[in-house]
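Participant: The lines below spell out each chain.
There are 2 protein chains.
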Amino acid sequence: MSQDKKRDAIIEAALKRFAHFGVAKTTMTEIGNDLSLSKASLYYYFPDKLSLYAAVLKHISEATEKKDEAIITSKEIPLEAIHTYLDIRTDFIIKYHNILEYLKTYTPLTMPPELQELFSYFYSRELSRITAIIEKGKQQSVFHISDSRKTAELFFDFLEGFRYSFITRSGNFFPDKKQFLTILKKEKEFASIFFKGLS
Amino acid sequence: MSQDKKRDAIIEAALKRFAHFGVAKTTMTEIGNDLSLSKASLYYYFPDKLSLYAAVLKHISEATEKKDEAIITSKEIPLEAIHTYLDIRTDFIIKYHNILEYLKTYTPLTMPPELQELFSYFYSRELSRITAIIEKGKQQSVFHISDSRKTAELFFDFLEGFRYSFITRSGNFFPDKKQFLTILKKEKEFASIFFKGLS
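In the order they appear, the protein sequences are chains A and B.
Note that full-length UniProt numbering has the first sequence beginning at 1, numbered continuously upward.
Note that full-length UniProt numbering has the second sequence beginning at 1, numbered continuously upward.
Next up, chain A with everything else stripped away, as it sits in the complex:
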C-alpha cells in the first residue's frame, strides 16, 4: 500500500470503530489490530488519538461537501435553501452522532489546536453557504440589504449561540438524536422569521 492509501485505511478503520463504539472507548491498539498494523507504523501516521480523530472529522465533513453544496445551490427560493442547509447540517450530526459526541470533551477554551483549525474551516464554510443564500435573495431583489456577508454573520452568530447554549445547558451529555430534531425545528422557525419578519 502507498503511504496515502495506508493513511486512508487507518482513517476508515478509525471511523468504523468511533461510529460503532464511540471515540472514548476506542484505543489506538484496537485500530492498529484491525489493520494488522504495528504500533510504530500506526503512530508514524498519527502520533495520538486526537490527531486521528481530527483526520476522521475532516474526512467525514469533506466526503459529502460538494454534493451538499450542489443541493443547497439548486434551491432557488432563499427560505427553501436555508431550510435545506439546516436539514443537511442536522442529518450530518445525527449520522455521526457517536463521533461528534466526543467534542463535548472540550469547551471553546480547551479546544486543542488540531480541532481549532478544523473548526475555523467549518466556520468559514458554513458562513460562505449562508452568505451565498442571502446573496441570492439580494440578487432576486427579495432581500433589501446592503451587505450579504454581514447579514450572514449576524444570522450565524445567533444560530450558533442558540445551539451552543442548548448543548452547554444539557450538561455533560451531548444532546441525543431526538433533541437535535427539536433544535432543528427551532432553527427552521428562526430562519423563517429572520428571512420574512413577523409581518
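Just so you know, these hints were derived from the structure itself, not from any lab.
Don't take every hint at face value.
Because identical chains cannot be distinguished in the list, a pair is counted as satisfied if it fits within a single copy or across any two copies.
In silico lysine-lysine, DSS-like type, Cα no more than 30 Å apart, as pairs [what the hints assert, rightly or not]:
(1) 67 - 104
(2) 178 - 150
(3) 138 - 104
(4) 150 - 5
(5) 104 - 186
(6) 49 - 136
(7) 5 - 185
Mind docking chain B on chain A? Use the hints.
Facilitator: Frame of chain A; chain B shown alone:
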C-alpha cells in the same frame, strides 16, 4: 431599627461595597463593620455571602422594575419598544457591572439554588416584557402571528443563546462595558431583522 430596616441597611451596605470593590474582594466582616453590626447579628439575616449577594441582585433588579416597564410600555411602535427593552437591559449591566461580574463564577450547571430561583424570576419577567411587545404588534395588525408567547420564546432563546455564547467564549473574564455595547449593537440589528425580515 426594625428587623426589616436592618435587613435593608445590610443590603445597602453590601451593594456599596460590591459595586466599589467587587463581590469577590468584599468580606462579610467588612460589611458588618460598616454598620457596626456584630457577626452574629449579620449572620442572623444572611447566613453567608451568597445569600446576601442574591438579596442584593434582587434588590437592584426590582428597584427600577416599574419605571422600566412603564418606559417600554409607552413605546407604541414594537421595534422601538424592543430596542428600548434592549437598551434598558444593557444600561443595567453596565451600571452594576462590578456586581454582575461575580455571576461568571458559576455556569448554568453549578448555579446555586438561591441564584437559580432568582434567574427563573428574571427569565419570566424578560419573557413577559417581550411577549407584551410582540402582542402589541399583533393587536396593531403589524405582526401576523398566531402565538405571541411562543414567538417571544423563540426570540428570547436566540437572544440569550447569543449573549451566553459571547460571555462564555470570552473565557474567565466577564465582558467589559465596551463589549456589552458591542453585544447591544448586534442585539438591536437582530431585533430589527426578527421584526421586519430581510425584505
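Participant: State for each hint whether it applies.
Facilitator: Consistency of the hints with the structure:
1. 67 - 104: Within. Shortest intra-copy distance 28 Å satisfies the 30 Å Cα cut-off; inter-copy 43 Å does not.
2. 178 - 150: Between. Shortest inter-copy distance 21 Å satisfies the 30 Å Cα cut-off; intra-copy 32 Å does not.
3. 138 - 104: Close neither inside one copy (37 Å) nor across copies (41 Å); limit 30 Å.
4. 150 - 5: Neither way: residue 150 and residue 5 sit 41 Å apart in one copy and 53 Å across, limit 30 Å.
5. 104 - 186: both (21 Å within a copy, 28 Å between copies)
6. 49 - 136: neither (42 Å within a copy, 56 Å between copies)
7. 5 - 185: neither (41 Å within a copy, 51 Å between copies)
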